[in-house]
Structure formats: C-alpha cells, structure tokens
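So you can see what is in the structure, the chains are spelled out below.
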Amino acid sequence: MEALITNPILIGLYILILSIFVGFEVITKVPPTLHTPLMSGANAISGITILAALTCVRTDDPTTAKILGFAAVVFAMINVVGGFLVTDRMLHMFKRK
Amino acid sequence: MKGILVQLIYMASAIFFIYGLKLLSHVRTARKGNTLASSAMLVAIVVTLLEIPGFDPLWIFAGILIGGGIGAFAAKKVAMTDMPQMVAIFNGFGGGASALVALSFFWKYGVGAESGTLADNIGVAGTVSAILSIVIGSVTLSGSGIAFAKLQGLMTGNPILFKGQNQLNLLIALGMVAVGGWVGFVATGSTAVMVGALVLTLITLIIGITTVIPIGGADMPVVIALLNSYSGLAACAAGFVVENNLLIIAGSLVGASGLILTNIMCKAMNRSLGNVLFGGFGGETAGAANNRDYNNIKQYGAEDGAMVMDTAESVIIVPGYGLAVAQAQHACKELGDLLEKRGATVKYAIHPVAGRMPGHMNVLLAEADVPYEQLLEMDDINPEFKRTDVVLILGANDVVNPAALDDPASPIYGMPILNVHEARSVMVVKRSLSPGFAGIKNELFDFDNTLMIFGDAKKILQELVSEVRNN
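Protein chains in written order, with our numbering: chain A, 1 to 97; chain B, 1 to 471.
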C-alpha cells in the first residue's frame, strides 16, 4: 500500500484528473469576449514544457540529446514569451466606456 | 536549492496559474491574471535553472534568448486581424517543444543506453508518456502549421479531400501505434531506437497534416481550440516523462480550456466534433449557390444606405470575418460613433463563431476602442432585433441565415443564428453574392427588408461615414 501511494505515476494521474476538473470549473466562467486572450494566455501556460526542456541541456548529455533539448528550449520560449506578451497586448485594448 | 523547496515553489506557481486563469473571467481583472500567470512562469523557470545539476549555460541561455526574442518580436508585430494564425503557430511551437523533450529522452536513455529497450531503462510509464508526448506534440506542431498556412492564405482555405482519405488516415494511425510500441518496448541498440524514434516522429507529423487539410478555413476556430488543448496535453505527457507535477497541472488546465472552447464552437455551429474533423465542410466556395438563385436582390449604394441610417434610432452592427479581411474595425467604430453622436443607440452583435477564432471579433473591435460593454453575445442581443431600426451586417453570412431556423433541408438547419431578419431594415455589406462557409444560399438577401451594398467593407464604411456626415 505504501509503495503504491508514493508511486510518482499514480500521484501524477491523481493530479492530472483533479487539475482537469479545476480547469473546467475555472474556464467555463470566462466570458466569450475574452475567449481569444484566454486561448493565447492558456497557450503561453502550455509553454510550461520549458521546464522539461531545460533539464535536457546538461553538460554531460550526449550531443544529439542536447541539440534536441536546445531546440525544445527555443520552441517553448517562443510559446511562453510570445503567448504572454500578445495576451497582454490584447487585454490592454479592452476598455470600458 | 533543495528539492523540497523547489517543489513548494512549483506548487505556488500552479496556484498562480489557476488564480491567473480565474482572473480572466472579468475584463477588469484579466490583465492582472495574465501578469500573474507570466510571473509564475518566470519564477518556475528561474527555480528550475538553479535546481538542474550541471546545466550547460551557453546552450540554455542561447536557447532562452533566441526563443524569447522570436516570441517577443512576433507578439509585438502581429496585427490583430492575424491573431488566429498567430495563436495557431504558437500552439504548434508548444506542442513541438514537448515532442522535442521526449525525443531528447529517447536519445539519452534509448539511443545512448548500454543495453535493453527504452522501457527497460526508464520504465513502462515513462516510455508510454514519452511516446505520447512525441505523438501529441508532433500532431500539434504540423497540424498548427497547416492551420497557420490556411489562415495566412499560404494555401487554399478550402477542404482538401480525396477518395479513401479517412481510410488512409486510419492506416497511418495504425502504423503509428505499431512503430510507437516497437520503438519503446522492442527495439534495442542505438540504430534501431534512433530510426524508430525518427520514423515515429515523421508519421505523427504526417498525421497532423492529413487530419487538418480536409478542414475548411471557416472551421478553423474549432481546429485552433482543439490544437490548443493538444498543446496542453503534450505538456502533460512531457510532465510524466520528467516527473514534474507542475507540467501536469499546467498542461491539463490548458487541455481543459481547449476542450471547453472546442465544445462551445461546435455547439455554436450545431455540429459534432466528428463532423467538423471528418465532414470535409467549411470551404469558402464549396456549394453551388450563385447569383441566379436570388430573385429579390435590392442593390443600394453608400448614399442610399446613409439615408436609411440617417433616420435610424437604433442600430445593431453585426461583424463577421469580412470585417477582419478588410481591416475595417476602425472605420466601423467611426461610423458607430457618428451614429451615436446623432442620437442613435449603437450595439454590436457577436456570434460565437464570427471570425476565425473564438472571440476574434471582440479583440478586433477592442483594438478600434469600441467599449466592450457595447458588444453583446447572441443570446443577449437576439430579443432586441425586433425593436431595432437598422441592422448593419459587415462580412457575416451563415450566422445570419434564417434557413437555419426554418428550412429543415438546409445543411445549417438547427445552428443558432443572430435573428437579424426581425429588424425593420437589414443592410448587408458584402463583396459579392458568393456563399459563406456552408456553401449555401442566404435567404436573408431575398427578404423584402434587406438591402445589399456590394464592396469592400472598409471602403463602404468610409463612404457611409462621409455620406452620413454630409446629411
């Protein structure tokens, strides 16, 4: 039993399922007016894969693995920086009367 | 930094992501929410950098600077009208990054391994996650590329269909499963794993292409929303590969968000996701409707249009994709302001699938400084058309086609529409009588209370502004 509960994959699955529920709850409340910023903002959040990409570029990694990791860092950073900035640019334009 | 502290900081980041998304539910707080989420990302990145043992600063900082630079440049330069393709391509990069992470793992633990299969070296769960990460990530990358090309006009927006297409896709998908299973659980030795991983990546890239080309330009809102969801799920899979819970949380939040938007878009078109993906629907000129189908077209010029506008006390403007194509949002706002100054009430009616991505019209009109309170959703504005003097339709078509309400034979029957035909007069600004994405005739154009002004939306709006001003 103890071994089961500390199994990272199992914990990961718990987290996955609970987060999906949280996501549904939070995101259904976003009004249609903000659907484009929601999409680009969520998009930037999916760039979280940058954390995994960073761990793929270590000095002692084989060169090909490192090159792939480097490409992953570039791709993820485009996603993160571009996504958050463009969302901010859009939200800046939404004005009241 | 010690592991437990890193985990606690990751947890704080997860909370900020969720809270940031929560703040997106009000226009007032949305910008703060985005700032919060981006700060959480920054903190997570910094903490990860401090945590990695023996990371290679040259490669990492080069990657961060190059990627960040490209992203910042693109975000600064993109026109609001081009936002759908921008989001599409960003989705692709996110998915691509997750696939590359998994490939890097393949190289380190599969190709570089002394002996055994990948599953022997990193475990069954890790292997399955790595394969899923490659599959979802590559499909997202190439599918987003095609969506980008369609939206940017680099390739035809029409569905590309051929005989046996779905069967071919099924065959490729089966090949993918076979290669995926083989490379993770059977292949040993560097050459076999290397070739297998590359073939798997190639097949999944092809699937992304072949599944998006049959989808028409007008159905892109659904595709972008779905790819958005995929990019999140790919990050989730990568999270299982590197055993990082923050990736799993953030990825599934995005996955859920994309699924909700996909569902909203499908409902707004009264179609199932399966029909959108495999129906070969949504071409710009797919149908057979043409000028001869109409027998009661009343063509007006801007001058006559301005006279109708002049007496109106209430005006509702219905923007569509044509507004974006013509970049007419500023001219639109100018006309709206002018009419308001002359005492009319002006509102904007936004159909959920107007434009090429969810919320596309709202962003365009926000750019032109139209206050967001003036933009009304379909269900809120529909009861008002009855009491409205003039409805001005700018480049919208199927979302105002009354056939959706009363013609069971129509392919769009049952789709919720804006009931513009209930207004006293309807003014349609359109380039020609060509049909919309459903490829069918729009009965509205034949109605007695409808008048047509043919031309580019921006040009017509500018003419209307000067005519109304002179009256």
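No wet-lab data here; the hints were simulated from the structure.
One or more of the hints may lead you astray.
Taking lysine-lysine pairs in the PhoX-like style, the calculated list, with each CA pair at most 25 angstroms apart, reads [said to hold, decoys possible]:
#, chain 1, residue 1, chain 2, residue 2
1, B, Lys-267, A, Lys-95
2, A, Lys-29, B, Lys-77
3, A, Lys-29, B, Lys-341
4, B, Lys-298, A, Lys-95
5, B, Lys-77, B, Lys-298
6, B, Lys-32, B, Lys-77
7, B, Lys-267, A, Lys-29
Some, not all, of what chain B presents toward chain A, calculated at C-beta under 7 angstroms [unchecked claim]:
#, residue
8, Val-242
9, Ile-260
10, Asp-293
11, Ile-297
Just so you have them, the derived chain B footprint on chain A, three or more residues with Cβ under 8 angstroms [to be verified]:
#, segment
12, 29-36
13, 39-46
14, 67-73
15, 82-93
The beta-carbon is built from N, C-alpha and C at its ideal position, and this holds for glycine as well.
Hints, one by one, checked against the model:
1. At roughly 29 angstroms between alpha-carbon atoms, Lys-267 of chain B and Lys-95 of chain A are farther apart than 25 angstroms, so this suggested pair is violated.
2. For the hint linking Lys-29 of chain A to Lys-77 of chain B, the alpha-carbon distance of about 30 angstroms lies beyond 25 angstroms, and the restraint is violated.
3. Between Lys-29 of chain A and Lys-341 of chain B, the direct Cα distance comes to roughly 35 angstroms. Violation of the 25 angstroms bound is thereby established for this hinted pair.
4. Proximity of Lys-298 of chain B to Lys-95 of chain A is assessed by CA-CA distance (about 38 angstroms); at most 25 angstroms being required, the pair is judged violated.
5. For a cut-off of 25 angstroms, the pair hint linking Lys-77 of chain B to Lys-298 of chain B is broken: about 41 angstroms separates their Cα positions.
6. Simply put, Lys-32 of chain B and Lys-77 of chain B have alpha-carbon atoms about 22 angstroms apart, close enough for the 25 angstroms limit, and the pair holds.
7. With a CA separation close to 17 angstroms, the supplied pair Lys-267 of chain B and Lys-29 of chain A stays within the 25 angstroms bound.
8. With 7 angstroms as the threshold, the beta carbon of Val-242 of chain B comes within range of chain A, its nearest partner Cβ sitting at about 4 angstroms, so the hint holds.
9. Taken as an interface hint, Ile-260 of chain B checks out: its beta carbon lies about 5 angstroms from the nearest beta carbon of chain A, inside 7 angstroms.
10. Hint status for Asp-293 of chain B: violated, given a least beta-carbon distance of 33 angstroms to chain A, over 7 angstroms.
11. Because the smallest distance between the Cβ of Ile-297 of chain B and any Cβ of chain A comes to about 33 angstroms, over 7 angstroms, the interface hint for this residue is violated.
12. Check result for the segment 29-36 of chain A against chain B: holds, 8 residues qualifying (beta carbon to beta carbon below 8 angstroms, three or more required).
13. Evaluation of the coverage hint for the segment 39-46 of chain A: fulfilled, as 8 residues show C-beta separations to chain B shorter than 8 angstroms, against a requirement of three.
14. Requiring three or more residues with a Cβ within less than 8 angstroms of a Cβ of chain B, the coverage given for the segment 67-73 of chain A holds, as 6 such residues are present.
15. Counting residues of the segment 82-93 of chain A whose C-beta sits closer than 8 angstroms to any C-beta of chain B gives 12, which meets the bar of three, so the coverage hint holds.
Violated hints for the displayed structure, listed by number in ascending order: 1, 2, 3, 4, 5, 10, 11.
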